[in-house]
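**Q** Position chain B relative to chain A; hints supplied.
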Amino acid sequence: MNGRELSLLVACLVAIVVFSVASPHYATSGNAVTVLRNSVELLLIGLGMTLLLAMGGIDVSIGIVMGLAAIAIGRILGADGSPFLALVAGPAVGALLGCVTAAVVVLGRVPAIVGTLGLLGVYRTAVFALLGGQWLSGLPSNLTDLLAATVLGIPVPALVIAIAYLVVWLAVRRTPYGLHLLAIGNSEEKARLSGIPVIKVRFMTFVVSGVLTGIAATFYVATYRNVEMSVGSTSALDAIAAVILGGTSILGGRCSLLGTVLGVLLLRILQNGLLLIGVPSLWQPVVTGVLIIGVLGFEAVSNRLPLTRFQRARA
Amino acid sequence: MRTLRNLQGPALTLALLCALWLIVIVGLLALKPSVFNLGTLTTILQFSTILALVGLGQGLVILAGGTGIDLSVGGAVSLSAIIAMLSLKLGLPPVLLPAVCILAGAALGALNGLLVNGLALLPFIATLGTFFVYSGVALAVTGGAAQSGVPAWLLVWGRGVVAGIPVPFLTLAIPCFALAGLALMATAWGRWIYAMGFNERSARLVGIPVDRVRFILYALSGALAGAAGLVSLAWLGSGRPNIGQNLELESLTAAMLGGIAITGGRGGVGGVFAAVLLLVTLKTGLLQLNINTVWQVGIVGALLVFVLLADRLSQRWRS
Numbered sequence: 001m002n003g004r005e006l007s008l009l010v011a012c013l014v015a016i017v018v019f020s021v022a023s024p025h026y027a028t029s030g031n032a033v034t035v036l037r038n039s040v041e042l043l044l045i046g047l048g049m050t051l052l053l054a055m056g057g058i059d060v061s062i063g064i065v066m067g068l069a070a071i072a073i074g075r076i077l078g079a080d081g082s083p084f085l086a087l088v089a090g091p092a093v094g095a096l097l098g099c100v101t102a103a104v105v106v107l108g109r110v111p112a113i114v115g116t117l118g119l120l121g122v123y124r125t126a127v128f129a130l131l132g133g134q135w136l137s138g139l140p141s142n143l144t145d146l147l148a149a150t151v152l153g154i155p156v157p158a159l160v161i162a163i164a165y166l167v168v169w170l171a172v173r174r175t176p177y178g179l180h181l182l183a184i185g186n187s188e189e190k191a192r193l194s195g196i197p198v199i200k201v202r203f204m205t206f207v208v209s210g211v212l213t214g215i216a217a218t219f220y221v222a223t224y225r226n227v228e229m230s231v232g233s234t235s236a237l238d239a240i241a242a243v244i245l246g247g248t249s250i251l252g253g254r255c256s257l258l259g260t261v262l263g264v265l266l267l268r269i270l271q272n273g274l275l276l277i278g279v280p281s282l283w284q285p286v287v288t289g290v291l292i293i294g295v296l297g298f299e300a301v302s303n304r305l306p307l308t309r310f311q312r313a314r315a
Numbered sequence: 001m002r003t004l005r006n007l008q009g010p011a012l013t014l015a016l017l018c019a020l021w022l023i024v025i026v027g028l029l030a031l032k033p034s035v036f037n038l039g040t041l042t043t044i045l046q047f048s049t050i051l052a053l054v055g056l057g058q059g060l061v062i063l064a065g066g067t068g069i070d071l072s073v074g075g076a077v078s079l080s081a082i083i084a085m086l087s088l089k090l091g092l093p094p095v096l097l098p099a100v101c102i103l104a105g106a107a108l109g110a111l112n113g114l115l116v117n118g119l120a121l122l123p124f125i126a127t128l129g130t131f132f133v134y135s136g137v138a139l140a141v142t143g144g145a146a147q148s149g150v151p152a153w154l155l156v157w158g159r160g161v162v163a164g165i166p167v168p169f170l171t172l173a174i175p176c177f178a179l180a181g182l183a184l185m186a187t188a189w190g191r192w193i194y195a196m197g198f199n200e201r202s203a204r205l206v207g208i209p210v211d212r213v214r215f216i217l218y219a220l221s222g223a224l225a226g227a228a229g230l231v232s233l234a235w236l237g238s239g240r241p242n243i244g245q246n247l248e249l250e251s252l253t254a255a256m257l258g259g260i261a262i263t264g265g266r267g268g269v270g271g272v273f274a275a276v277l278l279l280v281t282l283k284t285g286l287l288q289l290n291i292n293t294v295w296q297v298g299i300v301g302a303l304l305v306f307v308l309l310a311d312r313l314s315q316r317w318r319s
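Protein sequences appear in the order of chains A and B. Numbering-wise (the working numbering), the first sequence opens with residue 1 and increments by one. Numbering-wise (the working numbering), the second sequence opens with residue 1 and increments by one.
So that you can see chain A by itself, here it is in the shape it has in the complex (with noise of 0.2 Å):
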């Protein structure tokens, strides 16, 4: 855990403080369990766009992907399919729809941020077709009767985020794929002077972050149980936001899963809390970008400083 990870937690825990005093229905079970709750989705999410940004890539449609992936999984259900078949939808149309992206972004070499904007146009209108301008309500519960069971103990959404989390872990820890990933990251042309298959790189990369995010699809339905047209509209802005609290930089080089995790909790605590004390949710949006631009421009700021007595000692 490095300093940037640790002031992460320590700001969770004086948010959490904080909240605790001023409101007196913050500190229950039942709300820790809600803010646990409202981040499964987004910790999936968030360690696809950690992988991306890390690259230097950017994904803004990745909300609406994960709502065409819960309405793929909504009709299954809808239609009496199996919960297998329900299991599979969610990543399939993920997966599906990382292709599209990365057909788009890599192999057409446009730039992420636009063929994203592009695409997240394209795909609103797809939600706003597929439901017919209705909700996709009353879905039968089996998958969530699924998701909701234990593990030895374990709750099913906590041992998949888990799994998910100790694989890309591996993979950008412990295989030249994270190595690559960086790479690309930090300068693109570079990477693929030495040799890096960054198309191929960059592809997986965003197939991934389609496929995490048809797992949370699966987790969304599971829990909701209906699919509305403004489904997933905030959730790309607010995975951004946690990956950049956590440290992972956007110029590459530097990824932090852990300060992912770490800020999707702070996000969500902040979120949850300002709520409690009476903040009206139409502000949540100004928090959360002021949070990145405020988060980006502090480390700005603190690496044109002259380093410290204690900096200099280190380096």
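Mixed in with the good hints there might be a few duds.
Said to hold, decoys possible - Beta-carbon label-pair distances, calculated as ranges:
no.	chain 1	residue 1	chain 2	residue 2	range
1	B	L92	A	P24	51 to 57 Å
2	A	A162	B	F306	38 to 44 Å
3	B	T263	A	W135	41 to 47 Å
4	A	V88	B	I291	32 to 38 Å
5	B	A99	A	V156	57 to 63 Å
6	B	I25	A	W135	33 to 39 Å
Claimed, not checked - One-sided and incomplete, this derived list gives chain B residues near chain A with beta-carbon spacing under 8 Å:
no.	residue
7	C18
8	L121
9	I125
I should point out that these hints are in silico values taken from the structure, not numbers from a laboratory. Even for Gly, the Cβ is constructed at its ideal location relative to N, Cα and C.
**A** Below, chain B alone, put in the same frame as chain A:
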């Protein structure tokens, strides 16, 4: 055929856009002959004014390169309109409303410029952050409610029509584009913008004040967004906190469709102007055909992706 083959750069873009425009109009006429009349033309130009102003700012920011992009334009339009209306409620003399609206936009743009220049943040992430801040604040301080009380004389300007052409289009959009076009073609500033977009390193080496130009362009993009907010006030008669919705996508599409290279240094504002008219014609036509407005964002998004891919392909063919 020879002349067609010799067409390159801006002329080719304009020719393609005109052809596309004709296809859109013919297609719409075939589907619904009563679509186009003088009233529709006025509506198209009225809608175009807002997108043209925002698209101009977006285009200039992208043209100057350095991965420049302004995703916050939509938020800046909404927030500057809301700031103007709220300061009116706080006792601002109504005469100053246009100035406050444009200055508020310029200040929001200048903040983007500070983040990009002063703190050296990547433009897409800095303006993505400010986009959510600006649009979020506009919604949150009003609770989502439209702010009424636009002075009557402003409505006269905003709703006036001369020979079928809306007055704001005549007095704001056309002059802005003419000035920008002239500046790009005939002044040192224009050369600087192309130079720094084409190769920032060499631009710095020959002494072009890259940082100052870039800061001013972000502030200008904000000021144009403020002007668009003013047009929305004068036209609709109230400040709507969500008036800038989807403008980041539409202005990007207009800039790309207008032939400005996403990497900067290539393109011009004439193409952006034509692209704005094409986009708004398409949107208005779809509206006339009673197609849900949700389809617009998808079509505009698909156009953006298509244009970017086509640009890459054509570059490969040429080389």
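**Q** Look at each hint and say if it fits the structure.
**A** Here is what the structure says about each hint:
Distance hint check: the CB atoms of B:L92 and A:P24 are about 42 Å apart, inconsistent with the given range 51 to 57 Å. A hinted range of 38 to 44 Å holds for the C-beta pair A:A162 and B:F306, which are about 42 Å apart. As the Cβ distance of B:T263 to A:W135 is approximately 42 Å, the hint placing it in 41 to 47 Å holds. Here the CB-CB span from A:V88 to B:I291 is close to 35 Å, well matched to the stated 32 to 38 Å.
A beta carbon spacing of about 59 Å between B:A99 and A:V156 agrees with the range 57 to 63 Å that was offered as a hint. Under the hint 33 to 39 Å, the C-beta atoms of B:I25 and A:W135, about 38 Å apart, fit the expected range. Interface restraint check for B:C18: the shortest CB-CB distance to chain A comes to about 23 Å, outside 8 Å, so the restraint is violated. Checking B:L121 against chain A: minimum C-beta separation of about 5 Å stays under 8 Å; hint holds.
Of the supplied interface hints, the one on B:I125 holds, with its beta-carbon coming within about 6 Å of a beta-carbon of chain A, less than 8 Å.
Consistency with the previously given hints fails for numbers 1, 7, ordered from lowest to highest.
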